[in-house]
Amino acid sequence: MNNVEKPDVDAIVAQIKRNIEEAGNYIPEPSADETCNNGLEYNLRAANIYVQTRGGGSNFFVKLVRRVILRMLGLSMFHENIVKVLNELNARIKNKSMDSSK
Amino acid sequence: MTKIAFVAPFYGAKAAGGAEAECRNTAIKLAESGVDVEIWTTCALDLSHGWEKNYYKEGTTIEDGLKVHRYSAAPIHVARFAELNSRLIAGEKLARKEEEQFISMHVSSPGLLRGLAANCHRFDWLCFIPYLFGTTYYGSMLCPEKSVLISCLHDEGYARMEIMHELFLGVKKIVYNASAEMELACRLYGDCCRDKGVVMGIGIETEFNSSAERFRSRYNIKDQFILYAGRKDPTKNVHTLINYFRAYKQCRKSSLKLVLIGASSLPIPRDMKGEIIDLGFLPDNDKKDAYSAAKALCQPSLNESFSIVMMEAWVCGIPCVVHGGCKVTREHVVKSGGGLYFTNAAEFGGCIDFFMANPSKATIMGECGKRYVEENFGWRNIVRRYREEIFA
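Here the protein sequences come in this chain order: A and B. First residue of the first sequence? That's 1 in my numbering, and the numbers climb one at a time after it. First residue of the second sequence? That's 1 in my numbering, and the numbers climb one at a time after it.
Calculated directly from the structure, the hints in this document are not laboratory data. None of the values given here were measured: they were computed from a predicted structure. Please note: incorrect hints may appear among the correct ones.
[To be verified] Below, simulated DSBU-like cross-link-like pairs (lysine-lysine); rule was C-alpha separation at most 30 Å, straight line: (1) K173(B) to K84(A); (2) K6(A) to K335(B); (3) K172(B) to K17(A); (4) K84(A) to K172(B); (5) K253(B) to K17(A); (6) K17(A) to K361(B); (7) K6(A) to K295(B); (8) K93(B) to K84(A).
Whenever a hint applies, use it, and build me the whole structure from the sequences.
Structure, rendered in structure tokens:
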């Protein structure tokens with residue numbers, strides 16, 4: 001195996017491309033309506049995330065109501081709560097290291 | 001003795017995913033080499049099963065010979081998360097507040113942070129994997145001077161979040177799975193990602209038995225086939241492979257099949273039933289048998305930071321055909337000589353024709369791929385490099 005020469009992959013692919021050109025692009029590109037890509041919604045479903053908010057639309061009123069409801073649920077505080085935990089922990093770590101250095 | 005904590009959103013033998021496998025295998029191999037390793041993670045099983053509910057109990061257990069600390073993930077608002085997630089996938093730039101909301105819901109755990117903060121003085125290094133999760137983003141803020149990011153970075157909407165920029169700048173060291181991944185990090189976040197980065201790759205088991213005959217008789221597949229191994233969702237670009245294979249079959253009189261293995265399922269075009277065979281998730285041994293039986297492995301994904309399945313296929317001696325739009329997988333085949341790449345249906349067909357018409361060259365490519373894996377990603381080499389280049 002050690003004596004086997006490593007194939008020049010770029011050269012082989014270039015040759016394949018030349019063959020295709022000479023043959024006149026003999027396998028056509030599938031058109032969009034043949035595709036089985038189900039798009040973003042499928043993607044989110046595949047990731048186990050249910051698409052519940054899509055279609056909320058660009059309606060300003062709907063957006064406003066959603067924002068108010070999210071605020072009522074305290075959602076916008078998620079990050080702040082975690083940062084608060086981090087700050088507490090950092091303060092505790094700093095105090096501990098200052099105590100130990102005394 | 002060097003003491004290391006691996007911090008990950010998911011951990012366990014049942015957790016599906018490349019980063020999950022990388023975390024578990026690297027932790028186990030480092031521990032076997034004498035490094036003291038602990039795992040800090042959540043109670044969730046894996047990404048595809050969601051993290052709203054606990055799969056594992058909270059607490060400390062011994063798994064794979066390692067101490068594993070599990071904490072509940074913070075609750076999320078599914079609808080809001082789905083909205084932010086879909087906008088990120090579509091490439092939309094989120095406002096800073098929205099980015100913070102997203103990451104706080106993307107597997108964050110205040111309990112884990114508290115536990116880690118109380119214990120981080122016990123560790124020499126904290127390894128966070130992968131880049132996109134709350135466990136990594138918040139956890140690395142606790143002790144940035146000890147933080148190693150095993151990034152598994154992809155060229156995707158998530159990577160363009162401002163908070164990810166801060167993550168990459170904040171950590172002490174970064175481990176990349178491929179040089180193309182490091183170049184992407186430099187392009188997105190600056191040259192410091194090169195200065196503190198090490199291109200490592202992922203350790204691969206290079207000695208295992210597999211049998212083509214066993215696979216063919218167990219799954220009753222007599223014809224030659226191209227194999228796809230991995231999660232079957234559009235983020236992996238499997239739909240393109242299905243479309244290209246269908247186009248190939250419509251232009252060729254060939255008994256060649258496409259066999260899909262891995263979690264989840266994808267709709268198969270009606271006229272391709274019997275030509276495209278979805279075997280679902282296979283046990284590890286059967287997966288390796290499938291590699292040995294295949295004519296070639298196709299990796300159509302545009303967003304790979306390494307591709308473990310390519311390495312496993314090469315260990316079994318078959319060539320790989322990859323999408324030329326993915327820098328990482330293309331780099332693998334060009335560097336190794338272990339396969340070909342395509343960017344459209346005609347080139348895909350040309351690559352398949354090449355393998356079918358040149359079996360001896362296909363075999364040589366498989367052997368070159370195997371040599372590439374053994375020289376670069378054998379466990380002995382990876383463990384030595386972690387100990388000397390990351391934890392020294």
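We went through each hint and held it up to the structure:
1. K173(B) to K84(A): Cα-Cα ~26 Å, so holds.
2. K6(A) to K335(B): holds, 9 Å
3. K172(B) to K17(A): Between K172(B) and K17(A) the Cα gap is close to 45 Å, so the pair fails against 30 Å, i.e. violated.
4. K84(A) to K172(B): holds, 23 Å
5. K253(B) to K17(A): With a Cα-Cα distance of about 21 Å, the restraint between K253(B) and K17(A) holds, given a limit of 30 Å.
6. K17(A) to K361(B): holds, 18 Å
7. K6(A) to K295(B): holds, 19 Å
8. K93(B) to K84(A): Within the cut-off at roughly 26 Å; holds.
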